[in-house]
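Please model the complete structure; the sequences and the hints are all you need to start from.
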Amino acid sequence: MLQTSHHPMLNVAIKAARAAGAIINRASLDLEALRINTKSPNDFVTEVDHAAEGVIIETLLGAYPDHGILAEESGRTHGAKHSEYVWIIDPLDGTTNFIHGFPVYCVSIALAHRGVVQQAVVYDPTRNDLFYATKGRGAFLNDRRLRVSKRTRMSDALIGTGFPFRRGDNFKRYVKMFEEVMQHCAGLRRPGAAALDLCYVAAGYYDAFFETGLQPWDVAAGSLIITEAGGLIGNFTGEADYLHQREVVAGNPKIYGQLVTMLSPYTRVIKEGDAAAPAPAADTVAAEAPAPVAKKRVAVRLKKEDMGGDAPV
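In terms of full-length UniProt numbering, the sequence shown opens at residue 1 and continues consecutively.
Certain hints may be false.
[As the list claims (entries may be wrong)] Straight line, CA to CA, 27 Å or less: simulated DSS-like cross-link-like pairs of lysine-lysine: (1) K176 to K254; (2) K135 to K150; (3) K81 to K15; (4) K254 to K135; (5) K150 to K15; (6) K150 to K254; (7) K81 to K135.
[Said to hold, decoys possible] Beta-carbon label-pair distances, calculated as ranges: (8) P8 to E32: 37 to 43 Å; (9) T126 to I36: 17 to 23 Å; (10) L29 to E58: 20 to 26 Å; (11) T152 to L34: 43 to 49 Å; (12) T152 to R268: 27 to 33 Å; (13) N37 to T152: 41 to 47 Å; (14) V116 to E179: 32 to 38 Å; (15) R114 to V175: 38 to 44 Å; (16) H184 to G138: 29 to 35 Å; (17) A33 to D66: 33 to 39 Å.
Keep in mind that the hints were calculated from the coordinates and are not lab data.
Note that CB positions come from ideal geometry on N, CA and C, so glycine has one too.
Written as structure tokens, this is what we have:
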């Protein structure tokens with residue numbers, strides 16, 4: 001049931017997420033009938049991804065036809081190209097889990113206004129868990145207010161992560177990071193759906209999370225839910241341009257600071273004059289201000305020019 005206390009745009013996002021979740025749940029009953037395509041090695045897309053994305057876009061543009069869309073499967077082909085409002089959509093985060101019947105996947109929807117994420121919904125259809133946030137109003141799981149964990153020692157911390165899986169990923173670099181973190185924390189987990197992982201940090205299930213190679217639609221909604229729950233999110237050096245650099249660290253303030261210190265030697269942050277090729281426009285995200293380690297909550301800012309162009313995603 002949608003609550004009238006929610007922001008109207010959040011209510012529409014919740015409606016869209018639940019509609020997509022219903023499509024995903026129906027399809028999960030007969031996985032053998034799925035048509036599966038391979039975007040690249042180990043990177044899959046199904047007819048369910050497309051159907052879920054379609055109903056999300058239809059719902060959002062039905063309510064706000066003058067808004068823009070940035071979606072995983074269709075990029076910017078829908079919606080207004082230069083709107084100040086842009087919906088950032090991952091219709092099925094965790095597709096590989098889904099096609100194997102492993103019940104860890106979700107729908108992720110965020111709304112950015114003038115580059116700042118204002119509304120966020122992450123819906124887990126297998127558990128009927130709805131994570132959501134409105135900027136300045138806190139983060140929630142169903143009707144329960146979320147706060148990050150209070151653990152302060154890395155040796156007590158449970159950390160979430162994501163393994164590299166695409167051709168060209170630096171596996172050796174990741175193994176070194178994995179070894180470094182694993183030796184200092186209480187446990188390391190890799191369920192396989194980054195949007196849910198970020199929500200688990202907000203809920204206090206994890207004390208922190210880190211991953212490389214994520215796209216804006218993987219992280220936009222979860223990043224607002226984390227900051228509204230009192231957590232921090234940045235790149236491996238603790239700065240707020242993590243989506244541009246495609247490396248993410250998030251956590252409660254104390255563990256976040258320790259994890260940044262541990263991961264900073266492994267950063268791939270592009271230095272001035274060092275970039276051989278520019279990052280895709282869809283990945284370019286900055287924040288309202290740099291994020292000092294474990295001191296400030298960071299609001300995510302998506303650059304307006306990157307959200308309104310016609311560049312491919």
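Quiz item: Checking against the hints above, which ones are violated?
Solution: 5
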